[in-house]
Structures are given as C-alpha cells and as structure tokens.
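J.: Sequence:
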Amino acid sequence: MRKSSSSSSSITEAGLDIGHDVFFKQFSQSSQDSSRNRPTKISVIGTGKVEMAIAQTILTQDIADEIALVDALPDKLRGEMLDLQHAAAFLPRTKIVASVDYEVTSGSDLCIVTAGARQIPGESRLNLIHRNLSLFQKIIPQLAKYSPHTILLIVSNPVDILTYIAWKLSGFPSNRVIGSGTNLDSSRFRFLIADHLDVNAQDVQ
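When we follow the UniProt record's numbering, the leftmost residue of the sequence shown carries the number 1, and every step to the right adds one.
Keep in mind the hints are simulated off the structure, nothing from the lab.
Please note: incorrect hints may appear among the correct ones.
[Stated by the list, open to error] Here are the simulated lysine to any residue pairs, SDA-like style, with alpha carbons at most 25 Å apart:
{"no.": "1", "residue 1": "K138", "residue 2": "I120"}
{"no.": "2", "residue 1": "K76", "residue 2": "I58"}
{"no.": "3", "residue 1": "K49", "residue 2": "L73"}
{"no.": "4", "residue 1": "K49", "residue 2": "Q61"}
{"no.": "5", "residue 1": "K95", "residue 2": "E66"}
{"no.": "6", "residue 1": "K138", "residue 2": "V204"}
{"no.": "7", "residue 1": "K49", "residue 2": "D160"}
{"no.": "8", "residue 1": "K76", "residue 2": "A117"}
{"no.": "9", "residue 1": "K145", "residue 2": "P121"}
{"no.": "10", "residue 1": "K49", "residue 2": "K138"}
{"no.": "11", "residue 1": "K145", "residue 2": "E66"}
{"no.": "12", "residue 1": "K76", "residue 2": "D65"}
{"no.": "13", "residue 1": "K138", "residue 2": "G48"}
{"no.": "14", "residue 1": "K76", "residue 2": "L153"}
{"no.": "15", "residue 1": "K145", "residue 2": "S99"}
{"no.": "16", "residue 1": "K76", "residue 2": "Y146"}
{"no.": "17", "residue 1": "K49", "residue 2": "L128"}
{"no.": "18", "residue 1": "K76", "residue 2": "V100"}
{"no.": "19", "residue 1": "K95", "residue 2": "I151"}
[Said to hold, decoys possible] Estimated spans, in silico, between C-beta atoms of each pair:
{"no.": "20", "residue 1": "N183", "residue 2": "S134", "range": "22 to 28 Å"}
{"no.": "21", "residue 1": "T60", "residue 2": "Q137", "range": "30 to 36 Å"}
{"no.": "22", "residue 1": "Q137", "residue 2": "D198", "range": "44 to 50 Å"}
{"no.": "23", "residue 1": "Q85", "residue 2": "D198", "range": "38 to 44 Å"}
{"no.": "24", "residue 1": "P148", "residue 2": "D65", "range": "18 to 24 Å"}
{"no.": "25", "residue 1": "L197", "residue 2": "V104", "range": "44 to 50 Å"}
Just so you know, even glycine gets a beta-carbon here, dropped at the ideal spot from N, CA and C.
Using the sequences provided together with the hints, build the complete structure.
T.: Structure follows, in structure tokens:
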C-alpha cells in the first residue's frame, strides 16, 4: 500500500491539485538503509534516444554492475538490449537485462525515468502533463513496489512538475525523488560559452 502524504496537495483522476504549503514544507530525512554488500543496479525506464544514451553512458562509465531496461514495446526493447549486449566485448563487465514487466527492476539502487508522451507541435508543456500523468500513475507505483529503497531520477518533461508527481505517487521522502532540472540547459550554455572563448567546456563553471 502506498504511503499517504501529509501535504494538502493530491493527485486525482481530474488532475493535479497542489496545496499552497507544499513548497514551503521542510524536507524530511530519509531512513538510512542498512549497508548492503551487493552489486549496484540501475534501471532505465523507456528505450528512446535519451534512454539509450543514458544506458550507454552508464556502461562506458562503469558505474553499475547491472542495468535493467523497461519499455512497453517488447520488440524495440529486445533490439536495444541486444545492441548493448553485443557491445559487451568492448565495455566493462555489466549484466544487462530487459523486460516489459517491472519486476526486472527489483532491488534497483537508482531508477531513471525518461518515458513520457511526445509533445505535439504547438502544445505547451503544461498541457503535456495531463497525458504524462496517467503514464506515471502506471510506472511510479511499480518502481516503488519492487525497489522500495531506490532513488528516482526523473528526466521526462515537464520535469519539475513530473518530479513532484513522482514524489507523490511513490510515497518516498522528497530527497529520494530527483529531477534532472535545468542540467541539460546548463550543459548547452556551458558549451556555447566554451565554444565562444575557445576553451574546454569542462572548464566553464
């Protein structure tokens, strides 16, 4: 059963109702999970271009012992999994699994959610919320069920509001539900500055 939130905001079939006090509430501290002598596992939800770029980066940076991929399209999911597996000879050793069933994410240390409805030309990001809300209502409770101690990293747009929705749906402490925020915008800006000044983008802070 999902833990109820004490704030005055709620998510209903009619949409998102945000209470006036929720943004001023002090962050609660997460309960410390006991030390676990087991491999690091990261789950990536979705198999689009962003999702697969994330999965490839995780593999090349050698930051996980296991990667789990989840998507609603089994054929595309299998193809992406095989592409990653067939590159194993050139990458650090990492177990790669995939399924349409969220049970494959069980025991994840980090769940990265990039799945979401595509934005229609001319559609505002706020209007996009209503379509992504129903999708998150299916995804987030499953991740919380199979990985109750995980950290959720939300990349789907509009990221700030969907991160809040994920927090409400998961019942997790707020410091275990993170949005990618404006990191991509900052990265683009750093590149433009570096390109203009002819320096390395990593040197732009």
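J.: Could you work out which of the previously given hints the structure breaks and list their numbers from low to high?
T.: Failing hints, ascending: 6, 9.
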